[in-house]
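Enquirer: Sequence:
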Amino acid sequence: HYPGESNHWDLASFRNHLKVAVNSLSSAAIEFDLVGVDASVANAIRRIVIAEVPTVAIETVYVWNNTSIIQDEVLAQRLGLIPLAIDPRKLEIKQDADEAPTDLNTVVFGLVARCERLRDVKKGETDPKKIWSGTEVLSSQLAFDPKGGQAELFGDRPPRPANPNILVAKM
1 HYPGESNHWD LASFRNHLKV AVNSLSSAAI EFDLVGVDAS VANAIRRIVI AEVPTVAIET
61 VYVWNNTSII QDEVLAQRLG LIPLAIDPRK LEIKQDADEA PTDLNTVVFG LVARCERLRD
121 VKKGETDPKK IWSGTEVLSS QLAFDPKGGQ AELFGDRPPR PANPNILVAK M
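full-length UniProt numbering applies: residue 1 is where the sequence shown begins, and numbers increase by one.
Fair warning: there could be bad hints in the mix.
[To be verified] Derived BS3-like pairs: lysine-lysine, alpha-carbon spacing no greater than 25 Å straight-line: (1) 170 / 122; (2) 130 / 90; (3) 123 / 90; (4) 130 / 94; (5) 170 / 129; (6) 94 / 147.
Hints are computed from structural coordinates only; laboratory data are not their basis. Everything numeric in this text was worked out from a predicted model, so none of it was measured.
Turn these sequences into a full structure, and let the hints guide you.
Expert: Right, here's the structure in full:
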């Protein structure tokens with residue numbers, strides 16, 4: 001605080017000085033300018049918006065056969081960070097961590113990836129994309145596996161990664 005500076009808060013003054021300008025708006029993001037407020041107020045609004053946007057994320061990962069160099073735990077964490085395009089209003093929130101999964105509160109994805117050496121590779125070739133197939137595992141390879149009535153529930157908008165080009169792993 002600076003000497004002589006008034007730090008009192010007044011609603012009328014706040015209303016007169018606050019300006020909000022929406023720069024861009026899409027189904028995935030909003031960009032806006034918040035003018036006339038302290039940075040702490042802007043940060044509080046940002047945190048509230050982030051906390052209040054309902055999201056669905058990969059929580060539990062079962063690994064059947066991982067022969068890659070990436071540890072199962074690292075792979076599970078990377079999968080959990082992939083934003084999913086799912087309408088959360090179509091699912092029930094599990095009230096208890098021990099509650100059994102059902103088709104009303106759980107969505108299942110499968111991921112099968114295989115890296116294989118290509119045939120007829122020229123001797124001395126060093127470009128991995130010319131030597132191997134399937135060197136990158138992308139979020140687009142996550143396949144929704146509907147359970148119970150989920151095929152009808154989600155209809156023509158099945159759960160999927162919000163961005164199909166997220167690199168999950170390099171093999």
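Enquirer: Are the hints correct? Go through all of them and say.
Expert: A quick look at each hint next to the structure:
A distance of roughly 22 Å separates the Cα atoms of residue 170 and residue 122; the hinted pair therefore holds under the 25 Å criterion. For the hint linking residue 130 to residue 90, the alpha-carbon distance of about 44 Å lies beyond 25 Å, and the restraint is violated. Proximity of residue 123 to residue 90 is assessed by CA-CA distance (about 54 Å); at most 25 Å being required, the pair is judged violated. Taking the CA atoms of residue 130 and residue 94, the gap is about 46 Å. The hint is violated against a cut of 25 Å.
Of the supplied pair hints, the one linking residue 170 and residue 129 holds, its CA atoms being roughly 11 Å apart against a limit of 25 Å. For the given pair, residue 94 sits about 17 Å from residue 147 by alpha-carbon distance, which is consistent with the 25 Å threshold.
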